[in-house]
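Trainee: Residue-level listing of the chains:
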Amino acid sequence: MDSSGDGWDRVFRGEKRALAIDFWIRYPDYLADQLLNLYSQTHDSSTLEAAERIFANNEPDVRIVKMIRWRRGAYDDLQTSLSVLVYRGLVRSIKRKLPTGGYQYEYLSGANAREFLEEAVTEQPTLIWYENQTQLALMVAQGKSGSALKDLHYAEEEYASTPFGATIPAIKHRVLKRIAEIQGI
Amino acid sequence: MEDKSLPTTIKEWHTAIATETNTSEENVVSLLETHGIKPQPVLPRARTLNIHAVFIEGLKCAKEQTERFDFKWTELNDGVWALLSEGNSKGKSSIISTIRAALQGRFPGKIKRDVWSWMDFIKVEFSIDHVPYSVSIQKAAGETDPTKATASLLRHTKDLVVHLYQGSAGEELKEAMEDLFMDELGFDHFHAYKSAKDVMVEHGWPAMSSALFITGAGPAIFGDHTEDGLPMRLIQLFIGLPWVSTYTAVSTALKRAKNTLEKATAQTASAQAKAALRMAELNRQLTERRAELANQPDRVTLRSELNRLDSLLSQAQLGVTACRNKLAATRAVAHESENSYSDARRQLQQAQDEAAAGYVFRKLKPSCCPACETGFTPGRFGTTEQSTCGLCGNPSLHENDDSETDVIALDAAVGDARTMRKTAYETVHIAEASLEKAETERSQYLLKIQEVGNALSESDQSESLRLDIAVLEGRLAELDVTTTDGQVATEAPSMESLQILKAAEKLTKAMMEELQAEIMAELEAEVFGMTERFGVRNLEAFCFKAHKMVLKQGGVETTFTGLNDGENLRMRVATALATLKVARSRGFGRHPGLLVLDSPAATEMSPEDFTALIGAVSKTVREIPGIQVLVGAVLRPELELVIPTTHRKVALGAAGLF
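If you read the protein sequences in the order shown, they are chains A and B. For the first sequence, the working numbering gives the first residue as 1, with consecutive numbering after it. For the second sequence, the working numbering gives the first residue as 1, with consecutive numbering after it.
Take these hints with a grain of salt, some might be off.
Calculated pairs, SDA-like style, for lysine to any residue (alpha carbon to alpha carbon, straight line, at most 25 Å) [to be verified]:
1) B:K422 - A:R53
2) A:K177 - B:H429
3) B:K422 - A:D61
4) B:K255 - B:G229
5) B:K363 - A:E118
6) A:K177 - B:R346
7) A:K66 - B:N339
8) B:K38 - B:N22
9) A:K16 - A:N37
10) B:K552 - B:L539
11) B:K365 - A:R10
12) A:K177 - B:S342
13) A:K177 - B:N339
14) A:K66 - B:A351
15) B:K363 - A:G7
16) B:K548 - B:P219
17) A:K66 - B:E338
18) B:K422 - A:A170
Stretches of chain A that chain B covers, calculated by requiring three or more beta carbons in the stretch to come under 8 Å of a beta carbon on chain B [said to hold, decoys possible]:
19) 56 to 63
20) 86 to 100
21) 116 to 126
Calculated directly from the structure, the hints in this document are not laboratory data. A quick note: this is a predicted structure, and the numbers were derived from the prediction, not measured. Just so you know, even glycine gets a beta-carbon here, dropped at the ideal spot from N, CA and C.
Given only the sequences and the hints, what does the whole structure look like? Please build it.
Mentor: Set out below in structure tokens:
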């Protein structure tokens, strides 16, 4: 990002995108499923290993933070979480008008955030999980747009068939089975 | 047999047989009737057959010339009559053969084929006991098939001509002639039994009539046939021995009955052997079945066992159901404990993360207003120690123990949940094991029940086995009955009937033999005398046996077939004449009193012997009224002395008789 002063030198574009990625942090089994998709496309063993690790660490049981499906998907009010970060000067959210006429949220960060994160991890090593998981989620997301990521979500049958107002179910067993099949080959 | 005179009447005969066999007269009578045995005690009355006229007409074909001929020889009566010619082949034999053919009803018989074809009309007039008959044949000249000729047999009584036969000159004519002569001369067919072929052969008029014709030497001393002891039987017949045909019939019947019995016995023996084999087989099967039955399982025990197993099964089934339910429950509990455990861990993790995040976040100084995000002026918040709250300056950050307490509690909760989970899964394992055990137990009962069920359904065999056994026992009982009876097949004659036949034969033979011995002695003497006179040399002894003649000639014993032709002929003539003489002299006998000699000198006879022969014939004829001898001979001076001119039919020179 170009230096626009005030120390903001990174930008994350798209609320939808953020929420989509956030979903995968909340549901490790869905993340594992996407990792397996990646594996079947790339045959990169690291993706398979990552998926296996998720299960080895019981993350689908322990790390799951279930969400309710709303009409617009697993929407959670990002603003509440963001305000904590904004307040402490770690993130700044802006709303930019697009040439198409629509709006896009963008989230700026900088050296403060980076330092904070480094310190946090050093001080509370257990928090490294969030960093790792985020990396995995970003790997899955690649450079795709928020809509594209949403499509990935809807591709999961359990997600798509969850009635509005109901909790999105875990897919732990299905993914386990899938891993077993892949391992069996 | 006691010393009393032999029976002479039928009644006496029946009585004697009945006494001998210890049975009733009714039995004897009915048995003899069954076998067609007719008693013949009555000595037959002599009947006389004479030829009276012979007519032969036809168309003689010789050397491409046809010539009508017309032969007559009429006014013949008793006595000696001759057909004479100066040489041979003058028709003598043809005429004699024609007479024979007519009497036998067999055309062409011994008539030469060409001569037969020339004839178109034949008539022979004869009489039996002075009752005139005529048999005539008509056919086309040139025709040789007798069935194409018509024949008629007539009886001429005072004013009436009775047509006894009209029809073809084939088989039917033969039968008609046979019927006539057998009836009129009082002959019965007599029988011979050929055991090899198991057949009864009947001899009738052809055999009997052949004894009336002598044409040179022959194989038999009397008649033309040697089989079945015919010569002797014919002699006996003509001499008129009573009971002869009865004896023959009895003897034949007895032979046949014995044969049948032998065969039946053989059959019985083999039938018995078969039965024995069958019984052995049935017994074997019976033993087998009984053993099988003994091995059948006890159905009652099996059924009660089945009931017991059934109740055990249903209990086992209940056990299985209970275990299943228990297992389901434990699994549910385990599942819940799993969830609780997950929940606890999750909560713990969250609490831990929140605590950790709280620590790091709380130290941060605000950089803008949380409400409106307006930035604070730098330095508004002074640098503080790390452990104080960046916002409010509260120093006791780490004194907030609530979160720690929560974590500890949560950790404990996780521990509890883990323990619960472990216990729950252990319980599940125990329940699974129990279920397996219960199912195994149930399977075992099922298996046992199946085994018993199979055994029960198999043992149905005991019913069919019992049935088999009953059937086999029944069959054995049946067989037992039939074999212990040891009956001979029912078609075979009974022992009683055999006894009766044996007794009848013996008795009849005895009766016959007595008279026969007498008569035969007389006959032998006559024959012996005549043959000597005819010129048979060196004859020392001679007697008739049952089936042959025994001669002693020149110190050597010989038989009839050992004689030369001349001696043969002379013996035949002697026997024929002697039979005639004895038969007539006794006042009975069935010899019809006709003799036909064809060319007796043709075979080695010296004129002296021939004269002696004709002389003897003449003498015999003179001694016995009514008899007739026809002779066909070459003309000789010796004959002129013996045969009056009126009794001659002569062909002089080259001319034939016709």
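Trainee: With the threshold set at 25 Å, check whether the alpha-carbon distance from K548 of chain B to P219 of chain B stays at or below it.
Mentor: holds, 11 Å
Trainee: Has the given pair, K16 of chain A with N37 of chain A, been kept, meaning a C-alpha gap of at most 25 Å?
Mentor: holds, 22 Å
Trainee: In terms of beta carbon proximity below 8 Å, does the region 116 to 126 of chain A have 3 or more residues touching chain B?
Mentor: Coverage by chain B holds for the region 116 to 126 of chain A (6 residues, Cβ < 8 Å).
Trainee: Do the alpha carbons of K255 of chain B and G229 of chain B lie within 25 Å of each other, as the hint requires?
Mentor: holds, 16 Å
Trainee: Between the alpha carbons of K66 of chain A and N339 of chain B, is the straight-line distance 25 Å or under?
Mentor: Between K66 of chain A and N339 of chain B the Cα gap is close to 14 Å, so the pair holds against 25 Å.
Trainee: Compare the distance between the alpha carbons of K38 of chain B and N22 of chain B with 25 Å, and conclude whether the hinted pair is satisfied.
Mentor: holds, 21 Å
Trainee: Taking only the CA atoms, is the gap from K422 of chain B to R53 of chain A under or equal to 25 Å?
Mentor: Holds, at about 23 Å.
Trainee: Take a quick look at whether K422 of chain B and D61 of chain A sit within 25 Å of each other, Cα to Cα.
Mentor: Status holds; Cα separation ~17 Å.
Trainee: Within a Cα-Cα threshold of 25 Å, do K177 of chain A and H429 of chain B meet the stated pairing?
Mentor: Distance ~23 Å between K177 of chain A and H429 of chain B Cα, so the pair holds.
Trainee: Hint check: K177 of chain A vs N339 of chain B, CA-CA at most 25 Å. Holds or violated?
Mentor: This hinted pair holds, its Cα atoms lying about 19 Å apart.
Trainee: Sort out whether R10 of chain A lies within 25 Å of K365 of chain B, counting only the CA atoms.
Mentor: holds, 21 Å
Trainee: CA of K177 of chain A to CA of R346 of chain B, is that 25 Å or under?
Mentor: Given pair K177 of chain A, R346 of chain B holds - Cα atoms ~23 Å apart, limit 25 Å.
No hint from the list above goes unmet by this structure.
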